[in-house]
Amino acid sequence: EMLRGIIRAVEPKEENRMMSQFAQDIRQKALQEGMQQGRQKGLLEGEAKLLLRQLSRRFRPLPDEVSERIHNADPNTIESWADRVLDAKSLDDVFSE
281 EMLRGIIRAV EPKEENRMMS QFAQDIRQKA LQEGMQQGRQ KGLLEGEAKL
331 LLRQLSRRFR PLPDEVSERI HNADPNTIES WADRVLDAKS LDDVFSE
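Residue numbers (our numbering): 281 to 377.
Honestly, I wouldn't trust all of these hints.
To be verified - Pairwise CB distance ranges, derived in the manner of DEER restraints:
1. L283 to D372: 25 to 31 Å
2. Q317 to P341: 31 to 37 Å
3. D372 to Q301: 54 to 60 Å
4. G285 to Q320: 33 to 39 Å
5. P343 to G322: 45 to 51 Å
6. G322 to L342: 20 to 26 Å
7. P343 to R307: 44 to 50 Å
8. D372 to F302: 54 to 60 Å
9. D372 to L311: 43 to 49 Å
These aren't lab readings, by the way, just hints derived from the structure by calculation.
For every residue, glycine included, the Cβ atom is placed at its ideal position computed from N, Cα and C.
Let the sequences and hints guide you as you build the complete structure.
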């Protein structure tokens, strides 16, 4: 409301232009944030998929709960588990805290 009052203080024809620019700026910021979130989600899904692939090749068959656990994990945890795959002798070694 305060912004609209400031904009109305200028010439009426400028009000539409300024509101349009303001809307475009907000739209652009929202688009950039959405794209960033999409990239982060895509990276996380890719890391989870790769970890599942590595685990299934090394410790097959995998219990069903392993996939769910990986898909519910945060990126740092997935990265830690992926590092452990290289030296782990068992699934328990990978997921040990």
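Okay, the hints, checked on the actual structure:
no.: 1; hint: L283 to D372: 25 to 31 Å; verdict: violated (58 Å)
no.: 2; hint: Q317 to P341: 31 to 37 Å; verdict: holds (34 Å)
no.: 3; hint: D372 to Q301: 54 to 60 Å; verdict: holds (58 Å)
no.: 4; hint: G285 to Q320: 33 to 39 Å; verdict: holds (38 Å)
no.: 5; hint: P343 to G322: 45 to 51 Å; verdict: violated (26 Å)
no.: 6; hint: G322 to L342: 20 to 26 Å; verdict: holds (23 Å)
no.: 7; hint: P343 to R307: 44 to 50 Å; verdict: holds (46 Å)
no.: 8; hint: D372 to F302: 54 to 60 Å; verdict: holds (56 Å)
no.: 9; hint: D372 to L311: 43 to 49 Å; verdict: holds (44 Å)
Of the numbered hints stated above, those contradicted by the structure are hints 1, 5, listed in ascending order.
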